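Novice: Sequence:
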Amino acid sequence: MKKRNLLIAVFLLSALLATQTGKSQILISLLLGDKLNSGKIEFGLTGGYGLTNMRGDSGPDHLNTFFLGFYFDFLLNQDKPWYLYTGVLVKSKVGDAGYSPYSLADPELDSVFTGGSISREIGYFYVPLEIKYRFQNKFFISAGGQVGLRNSATDKFRNSINNDNDLTFEKDIRENIARIDAGISGGLGYKMMKGLGMSIGIRYYYSLVDVIKSKDVNGSPTAFYIHADIPIGLKK
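Heads up, the sequence shown is in my numbering, so the first residue is 1 and it goes up one at a time.
For the record, the hints were derived by calculation from the structure and aren't laboratory data. For clarity, every value in this text was computed on a predicted model and none was experimentally measured. There may be inaccurate statements among the hints.
Dumping the calculated DSSO-like pairs for lysine-lysine here, alpha-carbon to alpha-carbon at most 27 angstroms [stated by the list, open to error]:
| hint | residue 1 | residue 2 |
| --- | --- | --- |
| 1 | Lys40 | Lys171 |
| 2 | Lys156 | Lys80 |
| 3 | Lys80 | Lys194 |
| 4 | Lys215 | Lys40 |
| 5 | Lys213 | Lys91 |
| 6 | Lys80 | Lys40 |
| 7 | Lys171 | Lys156 |
| 8 | Lys194 | Lys156 |
| 9 | Lys80 | Lys138 |
| 10 | Lys156 | Lys91 |
| 11 | Lys138 | Lys171 |
| 12 | Lys138 | Lys213 |
| 13 | Lys215 | Lys171 |
| 14 | Lys156 | Lys213 |
Start from the sequences, fold in the hints, and give me the full structure.
Specialist: This is the structure we're talking about:
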């Protein structure tokens with residue numbers, strides 16, 4: 001019951017964090033402070049580099065992004081190193097790049113972006129839910145899935161006039177992108193020290209959803225993450 005209540009608190013606070021990051025972190029500390037110090041729950045910030053693309057009718061280039069969020073590790077068994085890994089990627093994007101420009105129904109814009117390129121950038125609040133196992137040598141593996149709630153979607157037109165990509169235009173394409181994304185994920189990593197130690201690792205996400213609403217175009221996100229998890233609020 002306690003674990004279920006904690007999970008409910010995590011997801012409620014996740015929604016709040018999406019709009020008010022600082023206040024939500026304070027609320028998490030106030031609501032779960034004692035439990036965060038118990039050794040059964042690890043809470044911290046996660047961030048790093050993401051390399052993403054869209055399976056299907058995708059652009060020729062990957063989209064390079066950076067992501068930031070927070071995470072929880074819930075110890076599932078006091079005697080065995082099994083954990084439930086969750087949290088929220090508050091700043092994260094999927095997509096790809098290298099598309100040829102299409103018509104913007106504006107002759108002047110079409111003219112200036114002729115010969116340019118487009119990157120498709122879709123922002124999702126991703127919530128991973130994975131089972132993690134930590135080995136005695138501090139390495140760990142995880143597997144599960146993640147669900148995303150779309151918060152932004154743009155096609156960014158770029159062209160070079162005097163300098164590289166000095167001409168840009170952003171078109172909102174949210175109405176063409178599915179609001180919900182979901183798929184499978186997994187990873188491996190290394191905890192640099194016990195207790196308050198930072199973890200570094202890699203994760204891979206494979207969407208099971210065609211997030212492009214058009215019947216003529218399809219695309220499902222994939223992402224390769226290199227991340228660092230930094231615990232906060234644990235006793236040394």
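Novice: Each hint should be assessed against the structure and marked as holding or not.
Specialist: Each hint, compared with the structure:
Of the pairs offered as hints, the one joining Lys40 and Lys171 is violated, with about 46 angstroms between alpha carbons and a cut-off of 27 angstroms exceeded. Using a Cα cut-off of 27 angstroms, the hinted pair Lys156 and Lys80 is violated, with the two alpha carbons roughly 48 angstroms apart. A C-alpha spacing of about 15 angstroms is found between Lys80 and Lys194, which places the hinted pair at or below 27 angstroms, so the restraint holds. Distance check on the hinted pair: Lys215 and Lys40 sit about 47 angstroms apart at the alpha-carbon level, beyond 27 angstroms; violated.
Simply put, Lys213 and Lys91 have alpha-carbon atoms about 23 angstroms apart, close enough for the 27 angstroms limit, and the pair holds. Of the pairs offered as hints, the one joining Lys80 and Lys40 holds, with about 12 angstroms between alpha carbons and a cut-off of 27 angstroms not exceeded. At roughly 6 angstroms between alpha-carbon atoms, Lys171 and Lys156 fall within 27 angstroms of each other, so this suggested pair holds. Simply put, Lys194 and Lys156 have alpha-carbon atoms about 43 angstroms apart, too far for the 27 angstroms limit, and the pair is violated.
Note on Lys80 and Lys138: the hinted pairing holds, with a Cα-Cα distance of about 14 angstroms set against a maximum of 27 angstroms. A distance of roughly 18 angstroms separates the Cα atoms of Lys156 and Lys91; the hinted pair therefore holds under the 27 angstroms criterion. Pair hint Lys138 plus Lys171 does not hold up; C-alpha atoms about 46 angstroms apart against a cutoff of 27 angstroms. This hinted pair does not check out: Lys138 and Lys213 have alpha carbons roughly 43 angstroms apart, beyond 27 angstroms.
Using a Cα cut-off of 27 angstroms, the hinted pair Lys215 and Lys171 holds, with the two alpha carbons roughly 20 angstroms apart. Restraint check: the Cα-Cα separation between Lys156 and Lys213 comes to about 19 angstroms, which is no more than 27 angstroms; the hinted pair holds.
The structure is inconsistent with the numbered hints 1, 2, 4, 8, 11 and 12, although it conforms to all the rest.
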